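Student: Next come the chains, spelled out residue by residue.
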Amino acid sequence: MPASHTDKRILVLRQPVGIAAIVTPWNFPAAMITRKIGPALAAGCTVVVKPAEHTPLTALAMAWLARRQELPNGVMNVVTREAEAILDAWLSDSRAYVKLHRLRSR
Amino acid sequence: MQPSNPLPMWNARLTPDRIDGIPVLSHPATDKLLANVANGGAPEARGAVDRAEGAAERWRSMLVKSAVRLLLRFAAFMLQEQDSLAALCEPRNKANRWPKQQEIAVCRILPAHCGRRSREDLRRPRASVTHR
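Top line first, the protein sequences correspond to chains A and B.
With the numbering used here, the residue at position 7 of the first sequence is 9, and numbering never jumps.
With the numbering used here, the residue at position 117 of the second sequence is 1199, and numbering never jumps.
Treat the hints with care, since some could be wrong.
Claimed, not checked - Derived DMTMM-like pairs: lysine to aspartate or glutamate, alpha-carbon spacing no greater than 20 Å straight-line: (1) A:Lys101 <-> A:Asp90; (2) B:Lys1147 <-> A:Glu72; (3) A:Lys101 <-> B:Asp1132; (4) A:Lys101 <-> A:Glu72; (5) A:Lys38 <-> A:Glu55; (6) A:Lys38 <-> B:Glu1135; (7) A:Lys101 <-> A:Glu86; (8) A:Lys101 <-> B:Glu1135; (9) A:Lys101 <-> A:Glu84.
Because the hints were derived from the structure by calculation, they are not lab data.
Being a predicted model, the structure only gives us computed values, none of them experimental.
Work out the full structure, taking the sequences as your base and the hints as a guide.
Tutor: Spelled out as structure tokens, the structure:
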């Protein structure tokens, strides 16, 4: 990265933190997921996605598209329906880093 | 359209005692059925994390060049299929019915569930998908 002082050098190391557990709202179901799985996958994380209960088909379709492009099995996973139980399981699991995107449209 | 089998979750298997409890996905405005969706819960969520953990080492150690190639292909494929993805969440039409293209999109993107189209079909031009 460019540094503010010429005698300084700034390095950014992008390292995977582990498993990104991603919870997305119903609006813009594709964009909400891609803007989260993109950086996570690029950094080397694997992802588990819990789409909104009203719009799970887009997430399933995207997982299917990922499989067709030979993304390794297990890199992108989708779990549908019971938000509370799924979130509880992930929040209590130290392996998963939960990225929660809440709805704030105005 | 009222599919009898639930759409499977991706890499998250249902435990046998939950297979019967399948809710349906309905349009919030019309209450019409589009598809059944598997009723995932805590066991499935933990199973998905297990699978993600199993794949993590392989994905992390993959050459950057290979991972970039895969992700760019994935992105390009999503752009190629954006109309079908959009049709999945398109609102109802004026006649208060599910647009036909939504059914087509589901069957097109998830052929393993619908069983109507083969992979060869998917490579053909999408002449049957209409857009308003």
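Student: Indicate, hint by hint, whether the structure satisfies it.
Tutor: Outcome of the hint check:
Among the hinted pairs, Lys101 of chain A with Asp90 of chain A is consistent with the structure: their alpha-carbon atoms are about 13 Å apart, no more than 20 Å. Note on Lys1147 of chain B and Glu72 of chain A: the hinted pairing holds, with a Cα-Cα distance of about 15 Å set against a maximum of 20 Å. Between Lys101 of chain A and Asp1132 of chain B the CA atoms are separated by roughly 18 Å; this keeps the pair inside 20 Å, and the hint holds. At most 20 Å may separate the alpha-carbon atoms for a hinted pair to count; Lys101 of chain A and Glu72 of chain A exceed this at roughly 25 Å.
The hinted pair formed by Lys38 of chain A and Glu55 of chain A meets the criterion: a straight-line CA distance of about 18 Å does not exceed 20 Å. The suggested pairing of Lys38 of chain A with Glu1135 of chain B holds, with an alpha-carbon distance near 18 Å, which does not exceed 20 Å. Restraint check: the Cα-Cα separation between Lys101 of chain A and Glu86 of chain A comes to about 15 Å, which is no more than 20 Å; the hinted pair holds. Restraint check: the Cα-Cα separation between Lys101 of chain A and Glu1135 of chain B comes to about 17 Å, which is no more than 20 Å; the hinted pair holds.
Straight-line distance between C-alpha atoms of Lys101 of chain A and Glu84 of chain A comes to about 17 Å, which keeps the hinted pair within the 20 Å bound.
This entry does not satisfy hint 4, going by the numbered hints stated previously; all others are met.
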